[in-house]
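Listed here are the chains, written in short residue letters.
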Amino acid sequence: MPGIEPIERPVVEVVELTKTFANTTAVNRLSFTVPRGQILGFLGANGAGKTTAIQILLGLIKPTSGVVRMFGQDMEQARIAILQRANFTSAYTALPGNLKVSENLTVFAGLYGVRKAPEKIRALLELLEIGHLKNSLTGQLSSGESTRVNLCKSLLNDPELLLLDEPTASLDPDIADKVRKLLKRIQTERGITMIYTSHNMRDVEEICDRIIFLQKGRKIADGTGSQVLAQFQQKTLEDVFIHVSRSGELLSEEEVKERGGTPP
Amino acid sequence: MNWRRIRALMRRYLYLYRRSPPRIMEVFFWPVMDLLVWGFLYKFLVANHTFNWISYLISAMIFWDIIYRAQQGVTIAFLEDVWSRNLLNLFVAPLRRSEFIAATFLVGLIKIIAITLVLSVLALAFYDFNLLNLGLALVPFFFNLLIFGWAVGLFTTALIVRWGNASEALAWGIPFLVQPLSAVFYPVSILPAWLQPLAWAMPCSHVFEGMRDVMRGEAFSWAQFGWAAGLNVIYLLAAALFFRRMFDVAREKGLLSKLGTQ
Ligand SMILES: Nc1ncnc2c1ncn2[C@@H]1O[C@H](COP(=O)(O)OP(=O)(O)OP(=O)(O)O)[C@@H](O)[C@H]1O
Ligand SMILES: [Mg+2]
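Protein sequences appear in the order of chains A and B. Residue 819 in our numbering sits at position 102 of the first sequence, and the numbers go up by one each step. Residue 129 in our numbering sits at position 43 of the second sequence, and the numbers go up by one each step.
Chain B extracted, bound-state conformation (with noise of 0.2 Å):
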């Protein structure tokens, strides 16, 4: 063991943080997500301890899953080709920027109706939980999610659009950002009440608020579906406005040949 030698190595990641806020960041990001997302859970659960939480957190699980999948599926799906360096090839075809974002839409949903399939069998088998007690709610309870999930997809690609490398975390770390503040595990109730508003503002709160309701066995609540599918709509177009925007600037910047071939 020469000490020199582990030094300069240590050394070598220090430089990295201290030139890039992103790193730092991301040195906490994920354990005060952890922190907050386990937090609240376990706040509600002691408030709460009559309730059949479990079902509630198996079927949380595979909803959120909705989203993160459809999010990933964009967004991954750019970033592959970015890294096998095929990125100029699709963009000096005769493809459309939408063209290109409609296919990972859709891979992603086959994805996710694979999935989804795949973790309600496993829980009916494993938890006997059955994810088809919440009958046809299911359905729009589906589309707003995967919708969102797409949106925040979009949104993710567009900031690798622009700041390429730099922000590929983020990739990942987006949807965990959005996560705690999403009511996936607890009610909105739980958050404290200056977080609240944000939580409603994020159309997937509504459709995890009307789970839990259906769950509890009242009824479908079309005001939450309403507010869900609204918001959805509107988060749709910006997240697609940012990306065209981001994709312009990178070709006024020259960065789509940089993101391909570095």
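Excised from the complex, chain A in its bound form (with noise of 0.2 Å):
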């Protein structure tokens, strides 16, 4: 395209964000920004905030203080509008089981307003490998169908932004590689920006562009893969994950400021 853009606009800004639960402080004071077309990890221990940072994003959950702009919008402004160009999969959620999987991404396509719902359908579920399953009752799909089938939900609107909560937790190792290959083709392809969570270190160093580490809420660490293992003076992310969790008590800003973690 000619003409020169000006410099874009972040598709998702978090600033200063906090969420209390009556006793935890899930998300402490995040901030970040993630440009278009990249692929942020938030790694993290079991209760770090990853989830519930997600939520907020999402609008499932109403933040304590702390703003999130999406697109340019507030999200507690906005929110349709958000997430009419967003969208999300988790491995803990599902399609209803006593619907066959065309029937469920026709009701989603209904609900996204997708043009041309059945053309759609069928290209992502020929994309994702499981053309076949077309016919099939979800609820009887093993649990890496339906992830796949929950995936082509989450991309039926053509989203701009995809948010994934472990998305690969119940996938076979070969299947799992699939997933990473197609989400990072579609990254490439369409410029998706995706917000991507998991416990799989593989999953993470393959795909991200970028790693948040949270521990407690708070964010300790910011980068690509490689510096990240260059601040903790670690050999591999496990290591870094393995590092942080033992290490008991949570780093300073100073001391995260001292080992460079600075963002990008």
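Mixed in with the good hints, there may be bad ones.
[What the hints assert, rightly or not] Listed next, the in silico DSS-like pairs over lysine-lysine satisfying Cα-Cα at most 27 Å (straight line):
1. K901/A with K851/A
2. K933/A with K197/B
3. K779/A with K339/B
4. K851/A with K817/A
5. K895/A with K817/A
6. K779/A with K851/A
7. K898/A with K952/A
8. K851/A with K833/A
9. K817/A with K833/A
10. K344/B with K779/A
11. K344/B with K933/A
12. K817/A with K197/B
13. K952/A with K895/A
14. K344/B with K817/A
15. K817/A with K837/A
16. K837/A with K851/A
17. K933/A with K952/A
18. K837/A with K898/A
[Said to hold, decoys possible] Just the calculated beta-carbon pair ranges, DEER-fashion:
19. L100/B with G827/A: 40 to 50 Å
20. W169/B with V784/A: 28 to 38 Å
21. R182/B with A840/A: 21 to 31 Å
22. R302/B with F738/A: 51 to 61 Å
What the hints contain is simulated information worked out from the structure, not anything from laboratory work. Note that the Cβ used here is the ideal one computed from N, Cα and C, for glycine as well.
Each of the two chains sits in its own frame; use the hints to bring them together as a complex.
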């Protein structure tokens, strides 16, 4: 395209986001931005605040304080418009089991206002190599198959932003690999922005352009895989993970800075 | 038979009951409601045995079902999305709460029309009871019952949004809490005096009283209709506000995903 785009606004802007439940601060003064086309991975131990952060981005949880802007719009004000351009899937959601795969996808195509839905659905099922499951009952699929059906759902509206909470949690290594490659391909072909959580370091190393490490709701590292490795002087992300989990004490902001944990 | 194992299982139930007042309530709830409804009905019949009370009961049954199905239509639709872990999928779509509720209202309406048709044909075939004898009055009766059912459905759904699985039993229980109070099978005057104001506060009491008037050959009571419609507007509005509030609380407490994923 000719003409010069002005410096593009990040797809996601999060400023000082905090969420306190009754007695836990699940997300603690979290700030970051995600430029268009980036795959950002949230890493962190169980209970670090990854799911909470993602659900705040989706408007499912109301933050205690802080601002979430997506596509330049405030989440609290423009929820519907934002959600029209985003999508989500997780290992912990499912589509109604008593409907056929194609029926479920047709319902969601309707919710997202997808044009030429039957063609779109057929193409997506082919893309995820589950065309043969079109007429199967969703409840009878294996967990790997339903993960891919969920992914189909999440691609129905050609989202510009895809939020994935442990999408590969129940996949066998072969399918997990295929899903990773597919996500990577979608990113390169369509420039989709993604935020991704996973406990599978392989996932994160392979597909994430950037990693945010969360500990007790706080961001303790932010950078490319190798930057994070350097920051903690470890060889693999798994080592970083274990190191952070066992070091017990929360790193202070000064320490984080000392270790070079500044955003790219 | 091993007494120790039997005791171990019994202990499991007792643990639950000890900790959960709703469960203890539930043990007594249904029997008490049954006793109330059938007891008051019996009292009414003894005092008025000359009426054609079979037709009263049949039309009351058919009318009660409108309320019950309207309520279930909303609440069970919501619960099904909870059970199938689909709730998050819906609420991350560009979907308004009001749109979700409207869909459940309308599907409920379609079901109710079908059920009412089938029941009235059966009543005609088996009991020689013709619902159409109620004439045009059927229309305002129907819509008042429908709207009250929607309001109760919205209210019970709000409870589930806020208190989750613990309140699931209420989805079925609440309509039957309303039933003895709303003069379905007997007139309000049969109730003890102190319960009567409560009964008149239910929109559907006015419908059931109006129904009996018409069946006795009296004119359609515009006063009863006005009360029912007016109260319905208030109930539906209150239920909608309550639902919105509980939904917001659930968003604050992060309960939506817990509902949908546990
Ligand atoms: N609705 C809630 N009410 C109270 N506390 C909550 C709620 N949701 C999450 N928490 C708490 O907030 C913290 C962060 O939880 P969250 O689910 O975001 O972690 P996570 O990083 O996704 O963990 P996991 O890897 O196990 O999925 C945890 O301590 C959790 O117990
Ligand atoms: Mg999580």
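Status of the hints after comparison with the structure:
1. K901/A with K851/A: 24 Å, holds
2. K933/A with K197/B: 49 Å, violated
3. K779/A with K339/B: 8 Å, holds
4. K851/A with K817/A: Holds, because 7 Å separates the two Cα atoms, which is no more than 27 Å.
5. K895/A with K817/A: Answer holds: K895/A to K817/A is near 24 Å, not above 27 Å.
6. K779/A with K851/A: 36 Å, violated
7. K898/A with K952/A: 24 Å, holds
8. K851/A with K833/A: Given that 27 Å is the threshold and the Cα spacing comes to 17 Å, the pair holds.
9. K817/A with K833/A: Holds, at about 19 Å.
10. K344/B with K779/A: 14 Å, holds
11. K344/B with K933/A: 20 Å, holds
12. K817/A with K197/B: Satisfied, since the Cα-Cα distance of roughly 22 Å is no more than 27 Å.
13. K952/A with K895/A: Holds, because 26 Å separates the two Cα atoms, which is no more than 27 Å.
14. K344/B with K817/A: Holds: K344/B and K817/A sit about 25 Å apart, inside 27 Å.
15. K817/A with K837/A: 16 Å, holds
16. K837/A with K851/A: 13 Å, holds
17. K933/A with K952/A: Within the cut-off at roughly 23 Å; holds.
18. K837/A with K898/A: 21 Å, holds
19. L100/B with G827/A: 40 to 50 Å: 49 Å, holds
20. W169/B with V784/A: 28 to 38 Å: Given about 35 Å between the Cβ atoms, the range holds.
21. R182/B with A840/A: 21 to 31 Å: Holds: the Cβ-Cβ distance is about 29 Å, inside 21 to 31 Å.
22. R302/B with F738/A: 51 to 61 Å: The hinted range 51 to 61 Å holds for R302/B and F738/A, with Cβ atoms some 59 Å apart.
Of the numbered hints stated above, those contradicted by the structure are hints 2, 6, listed in ascending order.
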